[in-house]
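**Student:** Please arrange chain B on chain A, whose structure you already have, making use of the hints.
Listed below are the residues making up each chain.
2 protein chains.
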Amino acid sequence: MLIVQKYGGSSVADAAKIERVAGIIADTYRAGNEVVVVLSAQGDTTDDLIEKAKEINPSPSKRELDVLLTVGEQISVALMAMQLEKMHLPAVSLTGWQIELNTNASHGAARIKSISTERIRRELDKNRIVLIAGFQGVNKYGDLTTLGRGGSDTTAVAIAAVLGADKCQIYTDVDGIYTADPRKVPGAKKLDAITYDEMLELASLGSQVLHNRSVEMAKRYRVDLEVLSSYERKPGTKVKEVVKNVERMIISGVAKDANIARITVAGVPDEPGVAFRVFSIMGKARINVDIILQSAGRDGRNDISFTVAEDDAEAARAALEENREAIGCDHIALDRDVAKVSVVGAGMMNSSGMAVRMFEALAGCRINIQMISSSEIKLSAVIAQADADRAVAAIHEKYFGES
Amino acid sequence: MLIVQKYGGSSVADAAKIERVAGIIADTYRAGNEVVVVLSAQGDTTDDLIEKAKEINPSPSKRELDVLLTVGEQISVALMAMQLEKMHLPAVSLTGWQIELNTNASHGAARIKSISTERIRRELDKNRIVLIAGFQGVNKYGDLTTLGRGGSDTTAVAIAAVLGADKCQIYTDVDGIYTADPRKVPGAKKLDAITYDEMLELASLGSQVLHNRSVEMAKRYRVDLEVLSSYERKPGTKVKEVVKNVERMIISGVAKDANIARITVAGVPDEPGVAFRVFSIMGKARINVDIILQSAGRDGRNDISFTVAEDDAEAARAALEENREAIGCDHIALDRDVAKVSVVGAGMMNSSGMAVRMFEALAGCRINIQMISSSEIKLSAVIAQADADRAVAAIHEKYFGES
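Which chain is which? The protein sequence lines are A and B, in order.
Converting from the first sequence to my numbering requires adding 370 to each position, the first position being numbered 1.
Converting from the second sequence to my numbering requires adding 370 to each position, the first position being numbered 1.
Isolated chain A, as found in the complex:
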């Protein structure tokens, strides 16, 4: 089998952890597999490099920041190659440009355009373990780029896709996908399998195991993904197109996302085109809007509320304030003390009585719901941030408690 494995920064943070990970790689290789390994930068390397940069220039260009940051993954692959050499295993490290991982020109958040399999294939044919620096690529100008958040996951899935790998294993410090954050919800259960779509909802809802971009790519190219622990040798959670009944729970998880903010555009005229004006301003500012609520007000005035990522909140408010006259609103309010709790699962909306349990749980602990949003496979509520952990525990208990 051809297996692509990815190890995150905490899994290769020091010499001892590199040795442990090398043990998993060695076992996979000795079992007769072709092995391609994608690595992230060690532990705090990326943060340390950013700090070094900021000391010199608080707002360095993204191009030069990419030149700086790509060294982190290069260090990881070189060290891992050395570890495998010590174990008398043939290994070779490759950077993003060496495998011609071509991206668009967007420094700091580049998108993969193509990957050459030639060099990787040649090394695999020499029976070598191929170690690839994640997170990095090169644009058409021959400049170094980085893929942004979750970049190494995306590198791994993309390489699995172009190589037609049999498996893509994402090793991390948790041992799979859980029905809720296991550090916060004691009853959280590990899932054997989950669909790409469910995983996408969970990832975008703040369950930070896999980045959305990597899951989207896995879905598009039907990459057989598995999330598993680099500490314990046991099966993790499979992410795939269809999950068989025997593996399935109707609800796959409860998630919390506290990194959101709610913006209220209060007192807009009750006339057609107002919502269009508000959201085209957000579009121009390249700010993604999540949940939207329009409430009927008095005196022919309405309120429009919506949520954005907390990082975008200030920019969103500024853009709206700038266009206040065009919108014709009374005032613009920003509330950062909110969180979104969500229930995700293929059985969510078409199993009767499923959705109502969430409202029952929240009512049971007297938590007020500010906004509600639903899709085929998820149900979300925006509540006060202070209530979020309590809410997740109550919802999880309601759905998974009796099982």
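Incorrect hints may have been included.
Copies of one chain are not kept apart here, so a pair can be met inside one copy or by any two copies together.
Claimed, not checked - The list that follows gives simulated cross-link-like pairs (lysine-lysine, DSSO-like), each with its CA atoms no further than 27 Å apart:
(1) Lys510 to Lys496
(2) Lys483 to Lys424
(3) Lys387 to Lys422
(4) Lys387 to Lys432
(5) Lys456 to Lys422
(6) Lys768 to Lys589
Hints are computed from structural coordinates only; laboratory data are not their basis.
Here the structure is a predicted model, which means the values were calculated and not measured.
**Tutor:** Just chain B now, with coordinates in the frame of chain A:
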């Protein structure tokens, strides 16, 4: 003018030093010059990376060590670009592979084969300051290589050569080439100019300002070199083909090299072919031999003594011991407690009475001479290492004291 500047690791060791160096670069650029800057890795970065590697594998492959070490210079150029950006100067950093600095395949000690001027020229035409990671290249397999000791000097000179630069300035922590090590010899004088050949003798004799490879390359391509201080804004020492009379001293310097060892092959038969046997063994072991002395002995047996770099001493002895029967010697002795002191200058051998002053100086402080070697432009003596500093001071005083 097109000026290539090179700054060593100590000149860019931290944010404050990067700022200072950026000041020199900025002045050069603002004076209307095209500026290409070659940087070494910051301070102890290379040593730290080697330590990181050794922690994992005491003898990593040279290929992977090169992958690891090249990040040092990449960090330097990115940080310097950020510093220049902060000063609102247009700058762009480039790695070795980005300028297609092609080398042979010899990892850890690669030789430059070619450099593409295309990318550098394009950036200069956009009025940008071009920052190039020194010490690194890429071989025909597309693998990263490093140039070994003095690699960044060599990068700078090579780039100056291919660009046809008007000047190549090597900035360092001393302000030029001195007649002796100024930290040890109080009367040492700075030279305004020195020839390539004299510089080569001084470099190979242990005056560590410029690495031999870079001087050889400068000589071959007639690169106008200057060694100057990154701390003080004043002229340094020019290294060129011919030094005009007005700038010239007959003697350009006194140097000491303590990193040598003397090997004695004692009691070889007094017959033709013995020296050939001894030195072909050294040749096969790829060990460079410096000064050779064959002494006529008694009973038809001779002694052959020669010096090698101290790092090679053990290998040299081992190779000789292995071939002892073929050589037919009594025993092989190794003495590490020796040093070579030398006087260098174009006027050395054809100014009468010049050479004799060195012997006069050594005799004056009762220092015994073990071996002597001379060339057109230098005179060297091997003496006990303990006497070396005293010898240099006495010789320097004899040649430069009265002036």
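**Student:** Evaluate each hint against the coordinates.
**Tutor:** How the hints compare with the structure:
1. Lys510 to Lys496: For Lys510 and Lys496, the Cα distance is within 27 Å only across copies (18 Å; inside one copy 30 Å).
2. Lys483 to Lys424: Result: close neither inside a copy nor across copies, 30 Å intra and 37 Å inter.
3. Lys387 to Lys422: Intra 25 Å, inter 13 Å, cutoff 27 Å: intra and inter.
4. Lys387 to Lys432: Classified as between; 23 Å across copies, 31 Å inside a copy.
5. Lys456 to Lys422: between (32 Å within a copy, 14 Å between copies)
6. Lys768 to Lys589: Neither: 30 Å inside a chain and 82 Å across chains, both beyond 27 Å.
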